[in-house]
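Participant: In case you want the letters, here they are:
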Amino acid sequence: MPVEFISATHISDDHRKVGAGFGGFDPDYTRRFAHALDDGGFDWTLIAYGSPSPDSLQLGQFVANHTERVKPMIAHRPGFQFPTQVAKAFAGLDRISGGRVGIHIISGGADVEQHREGDYLSKTERYERSDEFIQILRRVWYEDGPISFDGRHYKFEDFQTDIKPVHGEIPVSVGGSSPEAYDVGGRLGDIFGLWGEPLKETAEQIATVNAIADAAGRPRPRIWNSFRPIVAPTDELAWDKAHAILAQTQKALASDSGKTALRRWNGNDPQNVGSVRLRKVAERGDLHDRALWTPLAKELKGAGSTTALVGSYETVAAALVDYAEIGCDLLSIRGWDVYNDMVDYGRYVLPIARQELAHRAATGNAPVLNPDSRPAVAV
Amino acid sequence: MAVEFISQIFNVPFGEAGHGTLTGMRGFDPDYTKRYARALDAVGFDWTLLAYGSPSLDALQVAQFVLNSTERLKPVVAHRAGFQYPTQVAKAMAALDRIGDGRLAIHMISGGSDQEQHREGDYLTKHERYERTDEFVQVLRKVWYEDGPISFDGKHYQFEDFQTDITPVQDNIQISIGGSSEQAYDVGGRLGDIFGLWGEPLKETAEQIAAVNAIADLNGRRRPRIWVSFRPIIAPTEELAWEKALKVLAEVQKGVAVGSALFSGQPKNVGSMRLLALADRADLHDRCLWMPLTKELQGRGSTTALVGSYETVAKALVDYTEIGCDLLSVRGWDNYNDAIDLGRYVLPLVRQELAHREATGGAPILNPDSKPEAVFA
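Respectively, the protein sequence lines represent chains S and U.
Sequential numbering of the first sequence, starting at 1, is according to our numbering.
Sequential numbering of the second sequence, starting at 1001, is according to our numbering.
The reader is advised that the hints may include incorrect statements.
Among chain S residues calculated to face chain U with C-beta under 7 Å, some are [what the hints assert, rightly or not]:
1. Asp55
2. His153
3. Glu157
What follows is a list of derived Cβ distance ranges for each label pair [unchecked claim]:
4. U/Ser1151 <-> S/Asp13: 45 to 55 Å
5. U/Thr1237 <-> S/Gln160: 39 to 49 Å
6. U/Asn1172 <-> S/Gln160: 30 to 40 Å
7. U/Gly1102 <-> S/Gly364: 55 to 65 Å
8. U/Ala1214 <-> S/Ser255: 50 to 60 Å
9. U/Ala1355 <-> S/Asp111: 50 to 60 Å
Hints are computed from structural coordinates only; laboratory data are not their basis.
Note that the structure is a prediction, hence the values are computed from the model and not measured.
Glycine is no exception: its CB is placed at the ideal position from the N, C-alpha and C atoms.
Okay, chain S solo, but in the shape it has when bound:
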């Protein structure tokens, strides 16, 4: 499977306010953002979901309606809509978009966030529910005839629809870093999503998921890994930019509104395993491997994809190729000034990474980019 690139769709221009990433919905801004993703050559775009944000299925269709190539990877939190309806909605969107959608299952990492839309299950129960949910999606999509289900979380009888995906499969992605996430993802995921950790830790997580897939006799999931690169024409300029972003972030977090927003949307110290892992990596050191820089993850308490790759276009492309080499073939990059950074990635980073991967594939792995290069200026 060729390496593909993902970047998240943003839906309003207020993302610079810390914690306000899930603000209002501005259709004009969103349309412009989607056009730029399409034009920049991204393969996928993540349509995120949180309790304050619009139904990601609506956003998914909006993005599909306004693009030609980019594929919406629609985050969906089981537990708030019955799975038969969700299955039909994805199949319908798959028809509308000409086969361009994927689903990313979020089981939910924070109880308080789940309570905001009335879900009071424990984390273990949420993963059990995701498991049943994925089974039902696939039955609705790929089985003929009336179906019934008698699970712990879902029960129904005699359901039937003719709304089916356009061709082939709708990929199901599962993410997380807890044992439950590895288990559900390894057994049921077509894709497994990780936040950007150093190469060694990432390889360990991949091995864990693969072992579960192997034990279940399933194809190993594709690995999706997420970073927040900080790029510039030279390494020096990129590091200047990185320190400026760190200073801005610290300033925003020190303000009352920043504190409130971070607490509200991220919690003070998110306890989900993925966030705890990121904080631990960030405490160990600021710079890891070629260009993985974690002070921003520290400031933002590891809440979500917060680790940067810092350097020139070449350095960051080389760092992404490093991850491709350990088995990550869905590389997610979004920036800090999200619209402008995404446009720059599409123009400057994606072509280099793709060229390098194509060259290596054609030559049996001879690198063009200097495999040992590291940015000259570090923290």
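Got chain S; can you put chain U on it based on the hints?
Facilitator: Frame of chain S; chain U shown alone:
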């Protein structure tokens, strides 16, 4: 409020009279849907109903697709409470309202058949379903129109500290409620901006309107707008319309025989039972309300026809506006083609007549006493 027209969109060719499959609700053809939506937009319908049943695509998804394919047409999104959390539905509707720049309303379905509810895992009783709809509508309005974090502690929905900035463009997204049971009148009278009825004779319709209005009055709320649904059979002359009606009836009888599994079992919802009782009483009511098709289809949903020339059917529709119906839903039996003809030939007559009466203080142009000459014997 001006009288407005509604017609339902189909996502695949569907028709009980042989103009599509009987299981049409199960499919979704984007090209067909787009063509249908554009036709309704072009011929001047104000609203389009996006129906929902367990086999069909989430009407919220269809709504965005329709908005994206049209310029003026406003989707009324049918939504069955109980399958998606109300905060999510509220946000989806608010986002759609932004995408369509205020072209949106929601029609709440509480569910008339236990068997159908079980197909997507809902095992509440009918009584509980209406209670749930009640809470659902309250939650929608809180999410749309209250600032600050909201919490809710109901029997069917509990949540804490929900907050969103996804707000609608409209300052009051219209909520429609339908049904003919006491409980439907109650929820609709207390909470509905619109109340939906299936087409019954004028007298029975007026009685239902009075029942809903009484509940609205009792609760100090504005009386809901009344939406009434028909399945007209029209032609350039009365004779041709009646010929067509008999042909439609024959086709439906054939279709019912072929799809017997789909039409087995008598619907138990009050609305269907009322329609059947009226159909048993007589074939023709008032000016041109014709009910043999209702009988064949056992009162399953909007099945009562208005039969006649364009002028006759236009007059019959005006009759309903006179008793207080101001959302007139018309769809035919050859759905796509009939929608175009209704838009071209009937809507302009009704609009002209209503405008004339308004301008002249009630003087009719269309002969108020005319009835079709040729009647099905």
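Participant: The structure should be examined with respect to each hint, and the outcome stated for every one.
Facilitator: Against the structure, the hints come out as follows:
{"no.": "1", "hint": "Asp55", "verdict": "holds, 4 Å"}
{"no.": "2", "hint": "His153", "verdict": "violated, 10 Å"}
{"no.": "3", "hint": "Glu157", "verdict": "holds, 5 Å"}
{"no.": "4", "hint": "U/Ser1151 <-> S/Asp13: 45 to 55 Å", "verdict": "violated, 30 Å"}
{"no.": "5", "hint": "U/Thr1237 <-> S/Gln160: 39 to 49 Å", "verdict": "holds, 43 Å"}
{"no.": "6", "hint": "U/Asn1172 <-> S/Gln160: 30 to 40 Å", "verdict": "holds, 37 Å"}
{"no.": "7", "hint": "U/Gly1102 <-> S/Gly364: 55 to 65 Å", "verdict": "holds, 60 Å"}
{"no.": "8", "hint": "U/Ala1214 <-> S/Ser255: 50 to 60 Å", "verdict": "holds, 55 Å"}
{"no.": "9", "hint": "U/Ala1355 <-> S/Asp111: 50 to 60 Å", "verdict": "holds, 59 Å"}
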